[in-house]
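Two chains, two frames, some hints: make the complex.
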Amino acid sequence: AQKVTQAQTEISVVEKEDVTLDCVYETRDTTYYLFWYKQPPSGELVFLIRRNSFDEQNEISGRYSWNFQKSTSSFNFTITASQVVDSAVYFCALSEAVLNDYKLSFGAGTTVTVRA
Amino acid sequence: DAGVIQSPRHEVTEMGQEVTLRCKPISGHDYLFWYRQTMMRGLELLIYFNNNVPIDDSGMPEDRFSAKMPNASFSTLKIQPSEPRDSAVYFCASSLKLAGTDTQYFGPGTRLTVL
Numbered sequence: 001a002q003k004v005t006q007a008q009t010e011i012s013v014v015e016k017e018d019v020t021l022d023c024v025y026e027t028r029d030t031t032y033y034l035f036w037y038k039q040p041p042s043g044e045l046v047f048l049i050r051r052n053s054f055d056e057q058n059e060i061s062g063r064y065s066w067n068f069q070k071s072t073s074s075f076n077f078t079i080t081a082s083q084v085v086d087s088a089v090y091f092c093a094l095s096e097a098v099l100n101d102y103k104l105s106f107g108a109g110t111t112v113t114v115r116a
Numbered sequence: 001d002a003g004v005i006q007s008p009r010h011e012v013t014e015m016g017q018e019v020t021l022r023c024k025p026i027s028g029h030d031y032l033f034w035y036r037q038t039m040m041r042g043l044e045l046l047i048y049f050n051n052n053v054p055i056d057d058s059g060m061p062e063d064r065f066s067a068k069m070p071n072a073s074f075s076t077l078k079i080q081p082s083e084p085r086d087s088a089v090y091f092c093a094s095s096l097k098l099a100g101t102d103t104q105y106f107g108p109g110t111r112l113t114v115l
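Chains as they are written, first to last, in our numbering: chain U, 1 to 116; chain A, 1 to 115.
Keep in mind that the hints were calculated from the coordinates and are not lab data.
A portion of the hints provided could be inaccurate.
Unchecked claim - Output of the computed footprint for chain U on chain A, the stretches with three or more beta carbons under 8 Å from beta carbons of chain U: (1) 43–56; (2) 89–98; (3) 105–111.
For every residue, glycine included, the Cβ atom is placed at its ideal position computed from N, Cα and C.
Okay, chain A solo, but in the shape it has when bound (with noise of 0.2 Å):
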């Protein structure tokens, strides 16, 4: 089966630019996530989705930052505009209850550089 699918893998824009990361759960999974993680601040959860909609996003860091996910299949977040220090490993998450109940399983992150 495959796991989490996360695009790009890598990615490097200049400030200002709007980037857009890209996930897709495991197939039966009803709950995304999506996680920053950096040197300074470790991995830390942005926004969680259930069932396509969102439930806490007390964690995305400011309005730059938004998520969506259309369809089970595939969640979205985009910063726009950019910062250097939105420089990070974004990863996503899918579960197939929440966190407490079940275990969240990675995708490979995508690694954001922001010059």
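Bound conformation, chain U alone (with noise of 0.2 Å):
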């Protein structure tokens, strides 16, 4: 089953627009770990951010904000005022523990591309 939705396949938006990003994602344990990781067209994984479970708080980093809600076991990213720089696939992983060990489960990834 897959653990790390992101329904989101492509995302095409024009410059100073803004896009968010969905997130959803599957686990039975109340200790977790969500990250997000960017992949821009030169192919390295950049890491972006880094939430616990337990930490419900809204973050915001520039231009990035993340909204983590458990209710909805969603993670969602929104990149404001978009630039061309930001296009890339961007990756949501889960990490939960499996068997007393931790993996990092990654979803399929939102290409988003931004246009001048």
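Structural data, given as structure tokens:
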């Protein structure tokens, strides 16, 4: 079963538009961790944010913001005033305990294209 | 500080050849992970090490794949013999602690093409 669902396969916006990426996760654990990574066209995976299940405060970092809602098992990511450099594939990931071990499960990714 | 270093960045080989991918984790990190990324299957964990010891290799696709970590600063992923379906981007990542409690930092990846 898919543990992390990123329903949006591709999103295309014009520069300066806001874009929100959805992430829905599934876990039975009370302690878990959520991550967002960015993969630009150059291919590397860049860490953006880590959030544990006990911290539901939303976070803002520059033009990036994250909305964590345990009630709906969602951890959405918004890019405000998008720029061409934001064009990338964005992955949401869940880390949960599996047989006393933690493993990271990635969503399928959302490709964001920002047009000038 | 240097991030995770992987080599080579690109590898093109012919079916049946042995391929060795290399990784140097971030200094001081206790955990090292190998992932494979394909269009069909996305990002998959192959194997991970803790303090140079393999902990979980359940993601290794078959016996043709092997991974070693002879010391804290070096790991290899070997495919022998390679097949066209092994074509993918292979990422190495490291973390200070296990994924659940710490962030994994990824290397730039090795793009493998098996002809």
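Hint numbers contradicted by this structure: none
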